[in-house]
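Enquirer: Required output: the full structure, derived from the provided sequences and hints.
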Amino acid sequence: MGALLVVVAFTVPLFVELRTVLSWVGVELTVLESVALAAVAIAALLVWALWPESDGPDSSNAG
Amino acid sequence: MSNTYLDQFPAEAKVVRAAFYSSFFALAIGGLFGIVQTLHRTDVYRFMDSADYYTVLTAHGVLLAITFTIFFLVGVFTWAVTTSLDRGVENLRFTWAWYGLMVIGTAMAAIPIFAGFTDSIDMSASVLFTFYAPLQGHPLFYLGLVLFVVGTWLAGVDWFRSWRAWKAEHPDERIPLPTFMVLTTTIMWYIATLGVAAAILLFLLPWSLGLIESVNPLLTRTLFWFFGHPVVYFWLMPTYMMWYVMLPKFSGGKLFSDPLARVVFVLFLILSVPTGIHHQYLDPGIAEGFKFIAMTNTMFLLLPSLLTAFTVVASMEHGARQRGGTGYFGWLKALPWRDPVFTGMALAGLMFAAAGFSGMVNAGMNINYLVHNTFWVVGHFHLTVGTAVALTFMAVTYWFLPQITGKALWSRPVALVQVVLWFVGMTFMSNAMHRAGLLGVPRRTAEPQYEGVTFEAAVGSVGELNAQIALGGVILTISLVLFFANVIATGFNGRSDELPSNGYADALSGPEDAPLVLDNLKLWTAIAIVLVIFAYTFPLLSIVQRGGLFGPEVITFPVSLESLAPIAAALEYGGLATVDGVASAVTGALEPGRIAIAEVVR
Amino acid sequence: MNVHTYEKLWLIAAMVLIVGFIATITYGSVGLGIAMVGDQQETVEPTELADDERFGEPRVEQIGDDEYEVYVVAQTFSFQPDPIEVPENSQVTFHVTARDVIHSFSLAGTNVNTMVIPGEVAEMTVEFDDPEVYGVVCNEYCGPDHHNMEGQVHVVPEDEFDLTEVSVDAPDEVDAGESATVDVTVENRMLDGLETTAELEIGGETSVEEVALEGGEATEVTFTVDPETLEADDSDVEWAVTVDDHEERGTVTVIDAGDEDGGDDGGETDE
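These protein sequences, in sequence, are chains F, B and S. All residue numbers for the first sequence refer to this note's numbering, where the first residue is 1 and numbers rise by one. All residue numbers for the second sequence refer to this note's numbering, where the first residue is 1 and numbers rise by one. All residue numbers for the third sequence refer to this note's numbering, where the first residue is 1 and numbers rise by one.
Don't read these hints as lab results, they were simulated from the structure. Be aware that a few hints might be false.
Stated by the list, open to error - Covered by chain F, according to a simulated footprint, are these stretches of chain B (three or more residues, beta-carbon under 8 angstroms):
(1) 415 to 427
(2) 459 to 473
Unchecked claim - Straight line, CA to CA, 27 angstroms or less: simulated DSSO-like cross-link-like pairs of lysine-lysine:
(3) B:K14 with B:K167
(4) B:K249 with S:K8
(5) S:K8 with B:K254
(6) B:K407 with B:K167
(7) B:K14 with B:K249
(8) B:K14 with B:K407
Claimed, not checked - Partial list, computed: chain B residues near chain S (C-beta under 8 angstroms):
(9) L128
(10) F129
(11) D283
(12) I286
(13) L306
(14) Y369
(15) H372
(16) L439
(17) T454
(18) I555
This structure is a prediction, so every number in the text was calculated from the model and none was measured. Using N, Cα and C, we set each Cβ at its ideal position, and we do this for glycine too.
Expert: Structure follows, in structure tokens:
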């Protein structure tokens with residue numbers, strides 16, 4: 001779980017600056033769209049990590 | 001039965017505990033003022049007059065940058081010296097004496113700062129952490145700073161005494177790494193504080209007491225930065241020490257290289273001070289050549305930090321592989337991410353890498369034009385002292401608390417959430433501060449909302465940046481509340497016998513691999529002094545020659561609202577002309593010197 | 001000393017990085033000519049700025065075809081002059097000093113940014129291209145009203161820019177039935193000549209005089225106003241003097257014999 005928490009925390013800087021990066025290629029996101037995108041990504045991450053069938057999620061290795 | 005620091009050195013543990021609690025007390029008040037400012041500046045919530053913002057800002061800066069960091073440092077250093085030399089302090093009363101002096105100094109400086117909130121006491125020191133003359137604080141403020149610094153000097157004497165006594169008994173042994181770090185840092189501090197001591201004792205204090213009429217604002221400012229830059233290394237060195245001697249231990253391994261750690265601290269000793277002028281790139285009255293020298297010195301200061309990055313990551317990898325981690329990056333999964341001490345320090349280190357990048361921009365002499373004194377700088381140092389240092393201190397507190405109290409930490413999960421929240425909050429806040437700075441939003445202002453000035457954001461808007469800053473500030477405040485909850489609740493725990501032992505990490509490549517010359521403190525001190533003389537003699541001489549030792553006649557500007565009226569009146573009246581017209585005989589001989597060309601960046 | 005191979009490589013990479021940074025900064029200084037604010041300027045006495053040759057009158061001065069010098073005084077909590085007006089496509093050298101505490105002079109969103117220290121003079125030369133309004137902030141804390149310290153630099157189209165100074169000397173009151181004289185002083189502070197007109201509008205009548213000035217010259221134009229023009233329903237007669245886009249206004253009070261009611265907001269104005 002510890003590692004998962006850290007990975008989720010790591011998505012924050014990525015999504016905060018995603019708007020800037022996308023604006024370079026002409027895609028303008030609003031704040032709400034960024035937040036929604038981040039929420040989707042974090043949800044996907046959590047599902048991937050906590051899916052019961054998944055063999056060896058992050059959490060099992062974390063100390 | 002545990003073998004904690006408290007068990008080994010019960011008397012010293014009390015000193016360390018007192019130092020830590022003093023530090024946390026400053027953190028609590030400083031943090032509270034932090035959120036007040038964040039909400040005021042971003043215009044989310046304003047309940048005080050904007051003039052009081054600067055009093056809050058002064059308290060925030062002094063309490064966090066000086067009191068919080070340095071009290072924690074003296075605690076850590078005392079722990080490091082006693083633990084690594086395996087001997088108690090030489091004279092416990094002396095130890096308590098310097099601690100007491102630091103407390104008295106802090107209180108004396110705090111009184112005029114806090115008196116700034118009320119008009120009923122005719123006292124104020126809203127001069128900010130940098131106290132640039134001709135802004136003038138109450139004499140008690142300067143006196144308090146002096147006592148505080150003298151307290152730290154005596155603490156240094158204490159550590160040197162321990163080392164000398166140990167050396168007499170162990171003539172052929174290498175200085176243990178933690179003690180080596182303490183000693184080099186202390187020497188650096190002695191050299192650095194000469195600047196601020198000179199500024200205060202020779203100029204600012206006599207001036208605030210009315211003994212001298214005027215000061216040279218550029219001279220006192222330069223002396224401040226003589227101290228003002230190395231002071232950031234004074235905060236950073238205990239952090240580095242934790243990364244070198246504790247983080248490998250928490251990762252489950254050993255320090256990668258003891259000799260390289262010594263090299264890093266020696267580099268900091270010799271390069272920290274001759275760089276202060278890089279805070280004055282945009283100061284008139286200092287020649288470009290001196291600025292260039294400061295710039296190159298500063299760039300070379302990157303070296304010890306880059307070496308640290310390598311050693312820390314290598315030590316973590318070693319620890320992870322000891323714990324069964326494999327693969328190029330797979331070992332990352334084997335790290336103890338559930339341990340708040342480890343996770344907090346690792347996140348702090350990562351944030352410090354980001355801070356390094358914004359620092360390189362600051363250090364770039366002519367790039368600095370764009371960001372100097374903007375909100376960018378505030379974003380930068382909230383990553384360095386506000387995260388690399390503060391988050392490391394908070395994380396390592398979770399290890400130290402049981403060591404110095406003999407009580408188990410109240411909650412490790414809360415501690416883990418706390419350090420992660422700090423990382424998230426600081427990401428929001430610092431990122432937006434950097435961005436706002438690039439638009440030209442100034443730092444140190446109560447209301448960055450102007451009538452005739454607009455800041456244009458390339459992406460998003462200033463309003464969104466403000467919202468991001470406020471959000472970050474709120475998250476950081478929640479993180480602080482969790483931290484204090486943990487510290488206080490731990491205090492209410494009963495004694496535990498199941499605590500980890502006191503100690504620090506061994507090295508893969510030990511001191512026997514380090515050349516003996518590294519331990520020659522006299523040599524490094526001499527080199528450090530020579531470099532300082534090289535970097536500062538000519539700038540200081542030139543400043544004194546230009547403006548005079550006690551300056552041109554300046555208008556003293558005590559920082560309180562009442563005193564503004566007479567000054568404004570005096571300006572209107574124009575009754576400020578003086579007799580000595582000699583110096584003002586500027587015969588129109590404008591120097592035909594080079595023309596500075598700075599293109600407007602659009 | 002036992003240094004790991006990877007660590008040696010890292011060390012070399014770090015040194016390359018550092019030297020690279022220093023090289024880029026040096027290129028910025030030497031190649032691009034971005035010079036630092038330095039010690040080129042003589043010091044000043046902050047308490048005697050009023051008598052100082054450079055800062056006695058904060059102003060914009062033309063020194064070459066497209067070259068200007070601006071003398072700025074920063075003080076709690078304003079800049080003088082404000083706004084600063086300069087033409088497009090010009091090279092402008094700012095000289096900035098402080099009257100009291102440390103300030104800064106910073107054009108928001110640009111790299112025009114300098115500390116302003118009492119006793120010292122910051123000098124920086126800036127190239128302005130297109131017309132634009134720049135906000136100026138003080139970004140160094142200077143006292144309780146620091147956040148209200150701001151100014152503007154107006155970069156205006158060339159044909160809208162001049163350094164013409166107009167001052168009008170008109171009487172506050174005249175006796176009924178007598179004529180009045182209005183003296184208009186026009187000064188051309190540009191290096192190039194100026195051909196324009198001075199226009200006086202009073203009591204519904206307009207008179208125009210041609211004005212031709214070499215660079216740096218000043219002249220006085222005198223209008224004589226007939227008593228008939230001053231006869232109005234009201235005893236207060238308004239006037240306006242216009243030279244290009246500079247306008248001065250005032251009022252002349254006509255005093256009937258025996259009427260001692262003097263004028264109140266009369267006329268000597270100075271731009």
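Enquirer: Decide, hint by hint, whether the structure agrees.
Expert: Consistency of the hints with the structure:
Check on the segment 415 to 427 of chain B: 6 of its residues sit with their Cβ under 8 angstroms from a Cβ of chain F, so the three-residue criterion for coverage holds. Given as covered by chain F, the segment 459 to 473 of chain B passes the check, having 5 residues with a CB less than 8 angstroms from a CB of that chain where 3 are the minimum. Our distance criterion of 27 angstroms between C-alpha atoms is met by K14 of chain B and K167 of chain B, whose separation comes to about 25 angstroms. Proposed proximity of K249 of chain B and K8 of chain S is supported: the alpha carbons are some 24 angstroms apart, at most 27 angstroms.
Pair hint K8 of chain S plus K254 of chain B holds up; C-alpha atoms about 19 angstroms apart against a cutoff of 27 angstroms. Proximity of K407 of chain B to K167 of chain B is assessed by CA-CA distance (about 34 angstroms); at most 27 angstroms being required, the pair is judged violated. The straight-line distance between the Cα atoms of K14 of chain B and K249 of chain B is roughly 24 angstroms, inside the 27 angstroms bound, and the hint therefore holds. Restraint check for K14 of chain B and K407 of chain B: the C-alpha separation of about 14 angstroms stays at or below 27 angstroms, so the hint holds.
Of the supplied interface hints, the one on L128 of chain B holds, with its beta-carbon coming within about 5 angstroms of a beta-carbon of chain S, less than 8 angstroms. The closest approach between the C-beta of F129 of chain B and any C-beta of chain S is roughly 10 angstroms, which is over the 8 angstroms cut-off, so the hint fails. Restraint check, D283 of chain B versus chain S: the minimum CB separation of about 5 angstroms is within 8 angstroms; hint holds. At its closest, the beta carbon of I286 of chain B sits 6 angstroms from a beta carbon of chain S; the interface hint therefore holds under the 8 angstroms criterion.
Taking 8 angstroms as the C-beta cut-off, the interface hint given for L306 of chain B holds, the closest approach to chain S being about 4 angstroms. This hint holds: Y369 of chain B has a C-beta 4 angstroms from the nearest C-beta of chain S, less than the 8 angstroms allowed. Hint status for H372 of chain B relative to chain S: holds, with the closest Cβ pair at about 5 angstroms, below 8 angstroms. Against a cut-off of 8 angstroms between C-beta atoms, the interface hint on L439 of chain B holds, since the closest Cβ of chain S lies about 6 angstroms away.
This hint holds: T454 of chain B has a C-beta 6 angstroms from the nearest C-beta of chain S, less than the 8 angstroms allowed. For I555 of chain B, the shortest C-beta to C-beta distance to chain S is roughly 5 angstroms, which falls under 8 angstroms, so the interface hint holds.
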